[in-house]
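Given only the sequences and the hints, what does the whole structure look like? Please build it.
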Amino acid sequence: MPSDPTIRRRLPAGQLTSLLRRELVWVVLVCAVLALTLSSPNFFTAGNLLNILRQVTIVGIVAIGVVIVIVGGNFDLSVGATLTLAAVVSVQMQPTNTARTVLSLAIPLTLGVAVGAVNGVIVGRLRANSIIVTVGTQFVVTGAVLLYVGGQHVRVDSAAPLYMGISGGYLLGIPTPIYLFAAIVAVGHLLMQRTLFGRYVRAVGGNVEAARLLGIAAPRIVGLTYMLSGAAAAMSGILLASRVRNLDPTVGIGYEFSALTAVVLGGASLTGGRGSVLDTLAGVLLLGVISNGMRLFELPFNLQLFVQGIILVFAVAVDAYGRARGRQ
Amino acid sequence: MIDLLTAPFRQFTVWLLIGLLVWVSAFGNGFWSAGNLQNLVVAVSIEGVMVVGMTIVMIGGGFDLSIGSVMALAGVIVVKSLGLGLVPAIVLAVAAAGLVGLANGLLISRLYVNPFIATLGTMIVVRGLVLTWTNAQPVSGADFTFMNLGRAILWGVPLPGLFFAVALVMGHVLLSYHRLGREIYALGGNEESARSSGIDTGRLKLISYAICGASAGVAGVVLASRLNTGSPIIGENTALNVITAVLLGGTSLSGGVGTVSGSLVGLLCIGVLGNGLNLFDVPAYYQRIAQGSLLLSLVMLERLAHRQAESMSLYIRTLAARRSRLTWPAGWGRRGS
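Those protein sequence lines, which keep their order, are chains A and B.
The first sequence begins at 1 in the working numbering and counts up by one.
The second sequence begins at 1001 in the working numbering and counts up by one.
Read the hints as simulated data drawn from the structure, not as lab findings.
No false leads were slipped in.
Quick list of the computed label-pair ranges, beta carbon to beta carbon:
{"no.": "1", "chain 1": "B", "residue 1": "V1282", "chain 2": "A", "residue 2": "A114", "range": "23 to 33 Å"}
{"no.": "2", "chain 1": "B", "residue 1": "W1032", "chain 2": "A", "residue 2": "A114", "range": "34 to 44 Å"}
{"no.": "3", "chain 1": "A", "residue 1": "Y170", "chain 2": "B", "residue 2": "V1282", "range": "45 to 55 Å"}
{"no.": "4", "chain 1": "A", "residue 1": "A106", "chain 2": "B", "residue 2": "V1022", "range": "40 to 50 Å"}
{"no.": "5", "chain 1": "A", "residue 1": "S39", "chain 2": "B", "residue 2": "G1198", "range": "49 to 59 Å"}
{"no.": "6", "chain 1": "B", "residue 1": "L1154", "chain 2": "A", "residue 2": "F314", "range": "43 to 53 Å"}
Incomplete in silico selection of chain B near chain A, CB under 8 Å:
{"no.": "7", "residue": "L1107"}
{"no.": "8", "residue": "L1111"}
{"no.": "9", "residue": "L1247"}
{"no.": "10", "residue": "L1253"}
{"no.": "11", "residue": "P1283"}
{"no.": "12", "residue": "Y1285"}
{"no.": "13", "residue": "R1288"}
Backbone N, C-alpha and C fix where the C-beta goes; we use that ideal spot for every residue, glycine too.
Below is the structure:
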């Protein structure tokens, strides 16, 4: 919202409040971490924290892709299907030696980018509604994956060490997926904050007509955001495949909604133009910390879903209500 | 202008349905047999009830992702509370579903939450609630009368089909002949001007989301009685399927345009396609691909038609502008064309 800073300046409260409001998701994250540290001795241990980080990598990488698309003013509901596609294809390539491992990394990534390109062309060039288009590609990709494996589980038995190392390795005592996730967050952040591309994405998401009049090739920018999102989803799929190595072909269902939850918690505007990779990271971490806390207290998994939903609704309602009051 | 753009879309779907019917009649063995038609009716009816509710919400410019979860909730409630008697159990289930719809409406109209996110939230909350409550185990019912709701056949028509027909008529009457319907079109067409012309848009949104929730409740009850089970995990794909049918029927995602009869055509397209593929023994996976391709190709066709309309000569465009200016005040029901 371009009008937000002016509203904030008019607030009687001081700069600290405004800072807290702007970084609300980080504040909530710190509060959640503090509360859990005080209430459980098992929470703030190196092992548990690394565990949380490792668990959020898969949905986290998807969310980084999704936030870029959302800043560009569109939705991507096909990421769950793309993730499944990449995971299944990666396992089906049977990465039992190094040469095959390269294939089982390269082909799923290419496919992910291709799905993104299809979304990008239809949404960007034809300016079709992104929800309909990505639901359509979701259907097509899910169906194609099921058809490809005949609805059966896929597995790879003696995977190459390199392949297993993608998700199972350690470097300086920290699991390798965390490095990968950190690298993707860093690249995503730099891309969105420090490059012309990032500025164009925000311009297109903020006002597509204005961006066009400024000479920005909006269709190309939209297409690129979808290709990045497809690539991110494919990377998550490969990570998942290398960890599990025995996959149900419906494994990725629902990832699009988890990723979207994280993005919304991170304060991105669904109408485009506003959103940050780092805040999305905070949203992802918040979801991870909450589900970890619930597991520490041995609450059932299904209740976690409930709490996750409540948090989403609450976060969005507070944000939307605040902005609506500011407008009046 | 709006009419000009969406008319081809609606026509595509009608021609598509005719084409599909010709295809299954020509090549499908026994498409027109009573047994198969009854199967088709049952297959489309349960989602059909929700299609009516969703059409109302989407014409009002809204969106509801939560209906799948609500359907599961209603199914579990009705089976669990059969001990109270059949009618109270059903009333309870539909009322609970309506309440979830009301909650959606409150979030959207009073707190100004984006409908997509609000209903995504309630979708997750309700699903978590149902799963926690049932421990993710299905609940079986044991009431013969209840079972009949979903399985009985009356005058050769399966009972769910009759429920669907009633829902269709009610939806059509509401949208085309009732004041609320006119107001919903106005709300979806332009919320600001609807408000300025004295329509209580908040109340209207509450009502339309409550109707949509209740329709998911009815569908959940019928499905539970058909399966004789309240399953906490059903309905994962329901919302997207229902929305697909509504969109195929020519309702615009931005609201203001659409009809119940159009949605019926969209729903029948998906139903006949699925039924035909079954008749030809095509694996079920193709159905998903076909449904997705259908959605994609129709969206693309509509956008291409839009482009053509955009690049038409100035003459046509001024004509269209004049036409929309002339029909706008009188054309509430869009029957003037």
